[in-house]
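Colleague: Sequence:
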Amino acid sequence: MRDFSNDHAWLSINTATVRRQWALDRIIDECARRGIRAISPWRDQVAATGLERVARQLREHGIGLSGYCRGGFYPAPDAAGLRAALDDNRRAIDEAKTLGAPCLVLVVGSLPGALDGRAHYTDLARARGEVRDGIAASLEHARAAGMPLAIEPLHPMQAAERACINTLEQALDVCDELDPARSGALGVALDAYHVWWDPKLQQQIARAGRERLLAFHVCDWLTPTRDLLNDRGMMGDGVIELKKLRGWVEDAGYAGFSEVEIFSEQDWWQRPGEEVLDTCIARHRSVV
Numbered sequence: 001m002r003d004f005s006n007d008h009a010w011l012s013i014n015t016a017t018v019r020r021q022w023a024l025d026r027i028i029d030e031c032a033r034r035g036i037r038a039i040s041p042w043r044d045q046v047a048a049t050g051l052e053r054v055a056r057q058l059r060e061h062g063i064g065l066s067g068y069c070r071g072g073f074y075p076a077p078d079a080a081g082l083r084a085a086l087d088d089n090r091r092a093i094d095e096a097k098t099l100g101a102p103c104l105v106l107v108v109g110s111l112p113g114a115l116d117g118r119a120h121y122t123d124l125a126r127a128r129g130e131v132r133d134g135i136a137a138s139l140e141h142a143r144a145a146g147m148p149l150a151i152e153p154l155h156p157m158q159a160a161e162r163a164c165i166n167t168l169e170q171a172l173d174v175c176d177e178l179d180p181a182r183s184g185a186l187g188v189a190l191d192a193y194h195v196w197w198d199p200k201l202q203q204q205i206a207r208a209g210r211e212r213l214l215a216f217h218v219c220d221w222l223t224p225t226r227d228l229l230n231d232r233g234m235m236g237d238g239v240i241e242l243k244k245l246r247g248w249v250e251d252a253g254y255a256g257f258s259e260v261e262i263f264s265e266q267d268w269w270q271r272p273g274e275e276v277l278d279t280c281i282a283r284h285r286s287v288v
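Under our numbering, the first residue of the sequence shown is numbered 1, with each subsequent residue one higher.
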């Protein structure tokens, strides 16, 4: 396993971690100032700053991407909605290509309308079928662009609203069905927050292997968790065995960035951005 204790060369910052403190251009500047050499930006942040401006700023600072957030949200109540989702994912693929991302992360979606409290239907099998069909349809454009798609399984607590793929095993089953040759076009984004609890995790990470492991996200699970979406912990403040998990991932062949992604309404989003980034660096060295 790689030694992270002496530097933070393999630290990436998911820009959601300090999105409440700064706009994206400031985030990039602050990361560059600290020698952080990768980020994973969100599409709304890129749109607010300007795609070409962000691409230029990244080049000027010599900062790369560990991923691009996000595509997905395929299910829809009708044919027009399904087409709109495919169109949006094509745009996301093109944006990721412009920014030089190694993959587009897919939060696949689930029961349409559930995020707003009014699900248009409650057939989870239908949603999973629409996700499978949507990814299959996106793959053609992704392959042409040379942009791998990374399915991110989300914790079962988010199965209704955000993602009906909830385990690494489910995600890999989709990968094996749609990309049986393990071509590198389709894989997974493994987020510790969402998968740490899974009794099959070590086995499924080994199954994924280097070809499927496209991104690795870290934070911590707090006890108690006060909000299921926006109360992620800083690494070392919770119960996830992060070093063990990274060991499994690296044993399977992953050699990329550990991307810190923290949504924290009551804690880290309330602190100065400088403190947050400095703590990420320190915890990446000592805990991850």
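Source of the hints: derived by calculation from the structure; they are not laboratory data.
Virtual Cβ for every residue (Gly too), placed ideally from N, Cα, C.
Possibly wrong hints are sitting among the right ones.
Per label pair, the in silico range of CB-to-CB distance [stated by the list, open to error]:
no.	residue 1	residue 2	range
1	ALA48	HIS120	28 to 34 Å
2	GLU140	ARG210	22 to 28 Å
3	THR122	ASP87	34 to 40 Å
Colleague: Give a verdict on every hint.
Modeller: Status of each hint after checking the structure:
At about 29 Å, the beta-carbon gap between ALA48 and HIS120 stays in the expected band of 28 to 34 Å. Between GLU140 and ARG210 the beta carbons are some 24 Å apart, a value that agrees with the proposed interval 22 to 28 Å. The beta-carbon spacing between THR122 and ASP87, approximately 26 Å, falls outside the hinted interval of 34 to 40 Å.
In terms of the numbered hints stated before, the structure departs from hint 3 and from no other.
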